[in-house]
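Mind docking chain B on chain D? Use the hints.
Okay, here's what each chain looks like letter by letter:
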Amino acid sequence: MTNAAAFSGGYVANLGPSREGFLLPASDEEGHFFREGAREGELRVQACASCGRLRHPPRPMCPYCRSTQRTWKPMSGRGTIWSFVIPHPPLLSAYSEVAPYNVIVVELEEDPKIRFVGNLLPDSQGAINDLDPHSIQIGEPVEVAFKRYERADGSEEFLPMWVRAGR
Amino acid sequence: MCAAPTSSGLKDATAIVGIAQTKFAKHLEPSEAELACQVIVDACADAGIDPSEVGALCSYTMEATEEVEIARNIGAGDITFFSQVGYGGGAGCGVVGHAAMAVATGQAEVAVAWRSRKRGSGPRPWTSTSVQLKVPGSWTRPFGMLRPVDEIAMLTRRYMHEYGATREHLCNITTAVRAHANRNPAATMYDKPMTRDDYMSARWISEPLCLFDNCLETDGALACVVVSAERARDLPNPPVYIHAFAQGIPPQHQTMVNFFNDDPLTGPAWACAKRLWSRSDFKPEDIHVAQIYDAFSPLILLSLEGYGFCERGEAAAFTDNANLEWGKGSLPVNTSGGGMSEAYVHGFNLINEGVRQMRGTSTSQVEGAETCLVTSGEGVPTSALLLRK
Chain D
1 MTNAAAFSGG
11 YVANLGPSRE
21 GFLLPASDEE
31 GHFFREGARE
41 GELRVQACAS
51 CGRLRHPPRP
61 MCPYCRSTQR
71 TWKPMSGRGT
81 IWSFVIPHPP
91 LLSAYSEVAP
101 YNVIVVELEE
111 DPKIRFVGNL
121 LPDSQGAIND
131 LDPHSIQIGE
141 PVEVAFKRYE
151 RADGSEEFLP
161 MWVRAGR
Chain B
168 MCAAPTSSGL
178 KDATAIVGIA
188 QTKFAKHLEP
198 SEAELACQVI
208 VDACADAGID
218 PSEVGALCSY
228 TMEATEEVEI
238 ARNIGAGDIT
248 FFSQVGYGGG
258 AGCGVVGHAA
268 MAVATGQAEV
278 AVAWRSRKRG
288 SGPRPWTSTS
298 VQLKVPGSWT
308 RPFGMLRPVD
318 EIAMLTRRYM
328 HEYGATREHL
338 CNITTAVRAH
348 ANRNPAATMY
358 DKPMTRDDYM
368 SARWISEPLC
378 LFDNCLETDG
388 ALACVVVSAE
398 RARDLPNPPV
408 YIHAFAQGIP
418 PQHQTMVNFF
428 NDDPLTGPAW
438 ACAKRLWSRS
448 DFKPEDIHVA
458 QIYDAFSPLI
468 LLSLEGYGFC
478 ERGEAAAFTD
488 NANLEWGKGS
498 LPVNTSGGGM
508 SEAYVHGFNL
518 INEGVRQMRG
528 TSTSQVEGAE
538 TCLVTSGEGV
548 PTSALLLRK
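Sequences listed follow chains D and B, in order.
Just so you know, the numbering used here puts 134 at position 134 of the first sequence, and the rest follows in order with no gaps.
Just so you know, the numbering used here puts 327 at position 160 of the second sequence, and the rest follows in order with no gaps.
The shape of chain B in the complex, shown without the other chains:
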């Protein structure tokens, strides 16, 4: 029997008790549906829960496999809650947050969240000219601002102009997360070290962003299982509590083309962060490790400011002196390699790595880490989770 919601709401009411992932590769043979089913069953096994107990299914709107297909394949019983969260990479923490809310409010006892995607071998979304060319794309795409990287590069150039950030700061970020991937055998870039010279001499994709400022293109799937805090204490893994959760769309926001509001260098992270910290016992300075959505390296700069780790315009300097690097800095970021060096599965790998950090099983384990921030896409309607031991 679940406890009735109290004034503390979601705080520590639920926990992530199972995680799983497939291999990450440029090409995996199984379909997205098969990968999804396998990874959900594996996450249930990790949790010590039979898949027939799953009662809530939470996914991205971009997920190709419908809930009914998942439920029929994994042999679920009654599914009594299902929800989807939109906006691509902004959805990840939202999907897990919805799972937590479903459990905390008694709509289900066992909730599963997942993402299965064959982006490595499938088409790039921006190459579709018919689907993508609608309002507001009509105001941007005809001019050759075709890809997400062009849209984020536009914000990056302005950020550099306003705050004096340089490519050296983006290099700080990309080399830090690559070093983490080099410690993680599951990471796509495990055996590919990257020097500062490698970064500086990489080919352009959309100036001022080069190849290594972009995430990988990956086939893979990940899932996690959420149950009540009470039940979590009886399961094999140490519970990783969902301490706080928020989503965010700021005023006058437009997805990926946040050029039409009063202050384009403040994006959805700011709206999300205000709610997240207001629901939390912690402040940014209490966070021991962070998994920050990194489809593009500058999103980490914006997010560091949005979530309050530094003041506006200070994120570039915050990356200096290996400050984001495991074993060296004050805030190790993307300790599995993240989207740029482990795998790009719409940010779900950041969630699972947050869970590993709280379990103490990361390949770049932050000693004594008891709190982890996980964020989803900046530049799109977003979401975030605060995890704790």
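Just chain D, with the same shape it has in the complex:
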């Protein structure tokens, strides 16, 4: 990615929800590397090309050395559950239909300060309400699993989800 692209203000486009009505990420230049990785089944985190520190969510400047030279690094995909919630209605309709479900925050093995929001699934293509949410425990080891969603126009999006380690 060029620096010019980074300072263009970060192009953001909402391309619409999945066929089921779940919200999907807006397309933005800064996070493009992440979505490419997700498509290939690889969890990537932005890194400073000067000092090497990881940062998330992606942004134009390294807050540690102020470099705008940036790259990304592949992660092992392993982490632990930092916290979780169990939403109940009122919610957007697609989410109300499957509530209660779980939402988790995972801290990564490589750097516990790098955290991702996701859902705990029984397997990569499972539903966000498949598991008993009350079985979830803070500190559980998990592994990333990318779930495929499709928009009404047939375009795909792969979201980082999590399964219990060793499954």
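Quick caveat, the hints were computed from the structure, so don't treat them as lab data.
Any given hint might turn out to be false.
Computed list of lysine to any residue pairs in SDA-like fashion (alpha-carbon distance at most 20 angstroms, straight line) [claimed, not checked]:
1. K113/D - T422/B
2. K113/D - P303/B
3. K73/D - E30/D
4. K556/B - T530/B
5. K113/D - Q419/B
Here are some chain D residues pointing at chain B (derived, C-beta under 10 angstroms) [to be verified]:
6. P17
7. T80
8. W82
9. H88
10. P90
11. Y95
12. V103
13. K113
14. I128
15. L131
16. H134
17. S155
18. L159
19. V163
Heads up, the beta-carbon is just placed ideally off N, CA and C, and yes, glycines get one too.
Frame of chain D, contents of chain B only:
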């Protein structure tokens, strides 16, 4: 003529001399603009100042009515200072603080701050899928973390895990503020007592938070008038001095989703508090009553720690033995009922209640109270005021 700024800066240089509020209800007929104009004129009347004298207008970025509309309606003369503060519920004390700075620096003689909002009958912001789904929402909302309550519940679960807090502590908070609302005829929940059983059996909204951990949804408006300390002494109400003011954004903060920094259980309150106390003659132990922003009950736990009323991890125990309750505890909190039981108008009702406590006119008046902390939203870029008699 205003005094030139001195090394003491804002300290006691200005005072709140007028306050007003509309009725609080699930639905009010007038528009947000009409409610805003009415409440500003009412606050001027309370101050004994003609609206034509208003020279500064300070509001939230989420305020729907522009300054030019306010000025044309209330018959203001020359407006020579106007500012807006962002981040929703984090803005309230900031708006009043900007008004105070405008007066203290001579940019205006009479400043008005206000919030008018029809949240009770209007849409919930989180239901907008197009506006809200942008960075960083793309990293959180697709997974069903849709609402502010889900975002704060995530911090709450972690807080409980780290410090051993339980729902009993959240119940301590919600029942204390409800008891205060039950003494305040203007409060939405005035005639609705709540028992611990009511709390424990309430339906879930986002576990571990239930219905009563959430603020109300209210139509209403509030305003206050700020002038110099010198002028305040000639006006009908006892001056309520703005002793200190601060805003805060801590390192690596993200609004409402403070999961991406080194220590997510320390939020903007910590940054704000450091500046606030450094500008103050008082310390936390000198504060007689507090109005703490409470869109969600756990924000009070985080704020008690952030503003230094107890050490980290001790806020849950701090709520025990009715310690936040009027007439019983060491730090009565949200003595009008706050956002959870009086009205949710982005925290502006906390400011007006702070003023009433300093005037001695609260329905849950803390005897001899001479200092009041008022805070705005935790979990978002925030602000706080220290008021004194």
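Checked hints:
1. K113/D - T422/B: holds (17 angstroms)
2. K113/D - P303/B: Holds. K113/D to P303/B sits at ~17 angstroms (cutoff 20 angstroms).
3. K73/D - E30/D: Measuring from Cα to Cα gives roughly 14 angstroms; hence the hint holds.
4. K556/B - T530/B: holds (17 angstroms)
5. K113/D - Q419/B: holds (11 angstroms)
6. P17: holds (7 angstroms)
7. T80: violated (12 angstroms)
8. W82: For W82/D, the interface hint holds, since the closest Cβ of chain B sits about 6 angstroms away, which is under 10 angstroms.
9. H88: Where the cut-off is 10 angstroms and the nearest Cβ of chain B is about 4 angstroms from H88/D, the hint holds.
10. P90: holds (8 angstroms)
11. Y95: Cβ of Y95/D sits 5 angstroms from chain B, so the hint holds.
12. V103: This interface hint holds because 5 angstroms falls under the 10 angstroms limit.
13. K113: holds (6 angstroms)
14. I128: holds (6 angstroms)
15. L131: L131/D check fails; min Cβ-Cβ to chain B is 14 angstroms, beyond 10 angstroms.
16. H134: Cβ of H134/D sits 8 angstroms from chain B, so the hint holds.
17. S155: violated (14 angstroms)
18. L159: It holds, given that the least Cβ distance between L159/D and chain B is near 6 angstroms, below 10 angstroms.
19. V163: Result: violated, 14 angstroms to nearest chain B Cβ.
In this structure, the earlier hints numbered 7, 15, 17 and 19 are contradicted, and the remaining ones agree with it.
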